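Visitor: Put the complex together from the two separate chains, hints included.
Those protein sequences? They're chains B and R, same order as listed.
Here the first sequence is numbered in this note's numbering, starting from 7 and rising by one per residue.
Here the second sequence is numbered in this note's numbering, starting from 408 and rising by one per residue.
Honestly, the hints are just simulated from the structure, not real lab data.
For clarity, every value in this text was computed on a predicted model and none was experimentally measured.
Some hints could be false.
To be verified - The calculated BS3-like cross-link candidates involving lysine-lysine, where the alpha carbons are at most 25 Å apart (straight line), are:
1. R:K516 with B:K13
2. R:K444 with R:K465
3. R:K506 with R:K475
4. R:K475 with B:K13
5. R:K429 with R:K464
6. B:K13 with R:K449
7. R:K429 with R:K449
8. R:K506 with B:K71
9. R:K516 with R:K429
10. R:K475 with R:K516
To be verified - The calculated label-pair distances, taken between Cβ atoms and stated as ranges, are:
11. R:A477 with B:S15: 16 to 24 Å
12. R:G448 with B:G22: 23 to 31 Å
13. R:G462 with B:R21: 31 to 39 Å
14. R:G462 with B:I69: 26 to 34 Å
15. R:A519 with B:T23: 41 to 49 Å
16. B:F81 with R:T485: 39 to 47 Å
17. B:T23 with R:V461: 36 to 44 Å
Beta carbons: idealized from backbone N, C-alpha and C, even for Gly.
If you want the building blocks of each chain, they are given just below.
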Amino acid sequence: SAVISQKPSRDICQRGTSLTIQCQVDSQVTMMFWYRQQPGQSLTLIATANQGSEATYESGFVIDKFPISRPNLTFSTLTVSNMSPEDSSIYLCSVAGLAGYNEQFFGPGTRLTVL
Amino acid sequence: GENVEQHPSTLSVQEGDSAVIKCTYSDSASNYFPWYKQELGKGPQLIIDIRSNVGEKKDQRIAVTLNKTAKHFSLHITETQPEDSAVYFCAASWGGTYKYIFGTGTRLKVLA
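Okay, chain R solo, but in the shape it has when bound (with noise of 0.2 Å):
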């Protein structure tokens, strides 16, 4: 079955740095892959998506890559901001069944 490994667990930058948030899937018949951020007490928060026919998606401060022959896919966020602390989740989802399998979560600290 599919299984997404995601890395750093954790990841600590400065205020205004920029962070980089990797995973990576194993079933190539996945084709979409969202990303959510989760604070603490709240639900996951969808804040950006890309499917399989698209390499990059941008929105602001926040982007994705995808890289389909090597099978891993990043978030990437630009000038971060203490707001961005929270811990992030990747996905991988395939075909049209909705079902998502989850990345093990990168808590990210943005240090004021």
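Chain B on its own, in the form it takes in the complex (with noise of 0.2 Å):
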């Protein structure tokens, strides 16, 4: 497995603001993904963030809205642009491909309210 860490873990934000997520791994990963986890809801997958080009979106998801870096391997950020109330959920970052699996291990999250 591998240790992920996400900043912020929680956060209150005013509509209209944006919030940048960050995730970092403590090793090198082939993949990192974005997911999306409304309150009592099942994940949903936002991105995939790859390293050196432009991430790939899910159907319903654009760039303009989630903007996504993932300058090397161990390290992805996740913006929330100009936030509304629908917003306010959990954002967990997860990577596969260590040790060429596919199993996929998750952060502890980032709790987002937006007002």
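Guide: In structure tokens form, the structure reads like this:
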């Protein structure tokens, strides 16, 4: 497995502002993902963070709203832009590709509340 | 696209009893099926997984079974303990994509 940290762990933001969430892994990984988990719901994949190239977004998610960076094999950021109360969720990063296997390991999550 | 259904949504069992959670997937190309446990305020933790070339896998008190013909897989927890109380998610993945489709989750309560 891997040790994954996220910053911040939680935040309360005003509508119309943006928040950048950081994900740091203690080892180099092939794949990094960002998920959204709305209160009491399952996990929905936002995008795959590709190292050195643009992220690959899932249907319903766009780069202007959720810009993602991945400058190296251990770090990624997700920005939630122009926030509204509907963006209140837990945002999770995950990693995969350790030792060539497709198990995903998740960070602790960032709990975002938008007022 | 792939769809994963999970049942039940909530499950209450007495301490020491067994718990079973079932998932059904739609895409026959799916070949990897992990199970996650999510405790309150934490990220999902991988607890067991199974690949399509295996019918059953055990790890102490937990086991997973896979029926490829029926396209369903199940999580079995024996001798449940209060610390097993959490939300459990199944998922399905296919090929070498690393991408998962998650089930809707099961909230398990183990009553002392």
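Visitor: Indicate, hint by hint, whether the structure satisfies it.
Guide: Quick rundown of the hints versus the structure:
Using a Cα cut-off of 25 Å, the hinted pair K516 of chain R and K13 of chain B is violated, with the two alpha carbons roughly 30 Å apart. Between the alpha carbons of K444 of chain R and K465 of chain R the distance comes to roughly 16 Å, so the proposed pair stays at or under 25 Å and holds. A threshold of 25 Å between alpha carbons decides the hint, and for K506 of chain R with K475 of chain R the separation of about 19 Å falls inside it, so the pair holds. As the CA atoms of K475 of chain R and K13 of chain B are separated by approximately 40 Å, the hinted pair breaks the 25 Å bound.
For a cut-off of 25 Å, the pair hint linking K429 of chain R to K464 of chain R stands: about 15 Å separates their Cα positions. Under the criterion of a C-alpha separation no larger than 25 Å, the hint pairing K13 of chain B with K449 of chain R is consistent with the structure, at around 14 Å. Of the pairs offered as hints, the one joining K429 of chain R and K449 of chain R holds, with about 23 Å between alpha carbons and a cut-off of 25 Å not exceeded. Simply put, K506 of chain R and K71 of chain B have alpha-carbon atoms about 21 Å apart, close enough for the 25 Å limit, and the pair holds.
A C-alpha spacing of about 16 Å is found between K516 of chain R and K429 of chain R, which places the hinted pair at or below 25 Å, so the restraint holds. Restraint check for K475 of chain R and K516 of chain R: not satisfied, since their Cα atoms lie roughly 29 Å apart, outside the 25 Å limit. Distance hint check for A477 of chain R and S15 of chain B: the Cβ-Cβ separation is about 41 Å, which falls outside the suggested range of 16 to 24 Å. Range check, G448 of chain R to G22 of chain B: about 27 Å between beta-carbon atoms, so the 23 to 31 Å window is met.
Our hint of 31 to 39 Å for G462 of chain R and R21 of chain B is violated, since their Cβ atoms are close to 51 Å apart. For G462 of chain R and I69 of chain B, the Cβ-Cβ distance of about 42 Å falls outside the hinted range of 26 to 34 Å, so the restraint is violated. One distance hint, 41 to 49 Å for the beta-carbon pair A519 of chain R and T23 of chain B, holds here, with the actual separation near 44 Å. A hinted range of 39 to 47 Å holds for the C-beta pair F81 of chain B and T485 of chain R, which are about 40 Å apart.
Here the CB-CB span from T23 of chain B to V461 of chain R is close to 48 Å, at odds with the stated 36 to 44 Å.
Consistency note: the structure conflicts with the earlier hints numbered 1, 4, 10, 11, 13, 14, 17.
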